[in-house]
Every structure is written in structure tokens, then in C-alpha cells.
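Please build the complete structure, drawing on both the sequences and the hints.
One letter stands for each residue in the lines below.
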Amino acid sequence: MKEFIEYVVKALVDHPEEVSVTQIDGEKTVIFELRCNEGDIGKVIGKQGRTIKSIRTLLGAAAAKAGVRAMLEIVE
Amino acid sequence: MNERQKLLTTVQQIVGTLAKLILHEDASIIPQFEDETLKVEVESKESALLIGKEGKVLESLQYITQRIAQRNIPEGQIVRIIIDIAGYRTRKEEEISKLAKEIAERVSKSGQSVLMQPMGSWERRIVHMALKDEAKLVTESEDTIKGRQVRIKLKEGGQSSSGNEQPD
Numbered sequence: 035m036k037e038f039i040e041y042v043v044k045a046l047v048d049h050p051e052e053v054s055v056t057q058i059d060g061e062k063t064v065i066f067e068l069r070c071n072e073g074d075i076g077k078v079i080g081k082q083g084r085t086i087k088s089i090r091t092l093l094g095a096a097a098a099k100a101g102v103r104a105m106l107e108i109v110e
Numbered sequence: 446m447n448e449r450q451k452l453l454t455t456v457q458q459i460v461g462t463l464a465k466l467i468l469h470e471d472a473s474i475i476p477q478f479e480d481e482t483l484k485v486e487v488e489s490k491e492s493a494l495l496i497g498k499e500g501k502v503l504e505s506l507q508y509i510t511q512r513i514a515q516r517n518i519p520e521g522q523i524v525r526i527i528i529d530i531a532g533y534r535t536r537k538e539e540e541i542s543k544l545a546k547e548i549a550e551r552v553s554k555s556g557q558s559v560l561m562q563p564m565g566s567w568e569r570r571i572v573h574m575a576l577k578d579e580a581k582l583v584t585e586s587e588d589t590i591k592g593r594q595v596r597i598k599l600k601e602g603g604q605s606s607s608g609n610e611q612p613d
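Chains as they are written, first to last, in my numbering: chain L, 35 to 110; chain C, 446 to 613.
It is possible that some hints are incorrect.
As the list claims (entries may be wrong) - Partial list, computed: chain C residues near chain L (C-beta under 10 Å):
1. Gly497
2. Gln507
3. Arg512
4. Arg516
5. Ile518
Unchecked claim - Listed next, the in silico BS3-like pairs over lysine-lysine satisfying Cα-Cα at most 30 Å (straight line):
6. L:Lys81 - C:Lys600
7. L:Lys36 - C:Lys465
8. C:Lys598 - L:Lys77
9. L:Lys77 - C:Lys554
10. C:Lys543 - L:Lys77
Hints were generated in silico from the structure; no laboratory data involved. We put the CB at the ideal spot given by N, CA and C, even for glycine.
Shown next, in the form of C-alpha cells:
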């Protein structure tokens, strides 16, 4: 799941080298914290939040396959 | 390699990588151009998961693929990407146009307009396309609390269809 987030976000931003994803494992839920260049945040969120919503939906499918729940937060 | 072939390879790689990272399994990805639209056929053992409830995962996969691919093609050039998984869109298209035609017949007979269930833009387009040649009817998308819904109704100047505002 971490790899998935990194791949998508790096492919969408202007500064892929500044993308980092931290994984925090909970009992049933895995939280991913995403950090990137300030100027790239808009690209990750997208118009009306459509991009981040899509990334979260796909992450949900990956989590379902892994049998967990996953959350993705952008850290500013 | 010409531009189109390059784009096919790029899109195949993007969808293949996404599917692999989500499912941890290889999926079959076949991209091809149909006129100006790049259609991608995906087959996988985990097709249901990749389609998702009401096609939501499929829509997201298509959107993200479009966004990533757009960054790989020259400025100003736009390519429309349509992804289908295990024939889901084809089936859905047939279902929705059949339903739209059934409702259209009811509306023609009764004069009462009908508001369809909320649908995404791609599905609403199927309704509009299915009924575009109906001389007596019009289809309109409306914003409601539940989302965007298509109303099928008689054309203005046709039979009166007042008092038909139904919440559902």
C-alpha cells in the first residue's frame, strides 16, 4: 500500500524526490502520512479534491485485498 | 515508434503498475486506440475488487491513469482514456440504455416525468445518448441532495406534465 501511494504521488507531482510516506500500523487500521513539497499539495488534492479522493478509493481496494483498513492523510 | 504507439506503451505500464501495486498480482492490460479514445481492457482474477461497488474503484483507476498519462504527453495534447475491466462497462452500458428505453416508453404513455437514480457522468451520458433520437422526449441532468440525476420528460409543448415532482 505504501508503495502504491508513493508511485501515484511521485507520478503526479513536480518534485517526486520530496515525496515521503510514513506508515503507522494500528490494530485494524493502517494510517499513511504523506509529505511533499508545499507547491505540489494542490496537484495531489486535485480539482474539488478529486485526485486525493481517487487515490483513497484505490488505497481502499488495496487495503481490502490485504484485509485491513487504510487511511491516507496529507501532512502540511 | 510513433506518438500513438509510445502512448499505448506508457498507458499499459501505468495501468499495469497500478493494478500490480493494488492487487499484488499481474493483470492483463490491452490498450488500443478507437478513433481518438484510448481504450484499455483489463482482465484479472480480482476483477470484482478492481471494479468496486458501483464501479467506484474502476472510475478512480481511470481518473488516476488519465492524470498520470497526461503528464507524459506533450503540452496541449489531450487524450481521453477509457478503462474497462472484465467487460463491466459494456454490460453496464447495455443495462442502462435498456432501462432508459423502458422508462422512456412509460413517460411517453403517461406524460409523467421520471427522475432516475443518481449516476456518474459516464452513466448519465449513456441515458442521454440512448434517448437522443426520441422526438417527443428530453433528458436533463438535475442536481439533487442525492447527486446528479437524469430526468426523462416530455418535450415542452407536448402533453402537460405538471405536478410530477417526485423526490425519488
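Is the Cα-Cα distance between Lys36 (chain L) and Lys465 (chain C) 30 Å or less?
-> Status holds; Cα separation ~13 Å.
Quickly compare the C-alpha distance for Lys81 (chain L) and Lys600 (chain C) to 30 Å and report which way the hint goes.
-> Since the Cα atoms of Lys81 (chain L) and Lys600 (chain C) sit roughly 35 Å apart, the hinted pair is violated (cutoff 30 Å).
Mind checking the CB of Arg512 (chain C) against every CB in chain L and telling me if the closest is under 10 Å?
-> holds, 6 Å
Does the nearest C-beta of chain L fall within a distance shorter than 10 Å of the C-beta of Arg516 (chain C)?
-> Holds, because the Cβ-Cβ distance from Arg516 (chain C) to chain L comes to roughly 7 Å (cut-off 10 Å).
Hint check: 10 Å Cβ-Cβ cutoff, Gly497 (chain C) to chain L = Constraint on Gly497 (chain C) satisfied, holds at 6 Å.
Holds or violated: Lys77 (chain L) to Lys554 (chain C), with C-alpha atoms at most 30 Å apart | Violated. Lys77 (chain L) to Lys554 (chain C) sits at ~50 Å, over the 30 Å cutoff.
If you take the shortest Cβ to Cβ gap from Ile518 (chain C) to chain L, is it below 10 Å?
-> violated, 13 Å
Hint check: is the beta carbon of Gln507 (chain C) less than 10 Å from a beta carbon of chain L?
-> Hint on Gln507 (chain C): holds, closest Cβ of chain L at ~9 Å, below 10 Å.
Given the hint that Lys598 (chain C) pairs with Lys77 (chain L), test it: the Cα-Cα distance must not exceed 30 Å.
-> Status violated; Cα separation ~40 Å.
Pair hint outcome, Lys543 (chain C) versus Lys77 (chain L) [Cα-Cα no greater than 30 Å] | violated, 39 Å
Of the numbered hints listed earlier, those contradicted by the structure are 5, 6, 8, 9 and 10.
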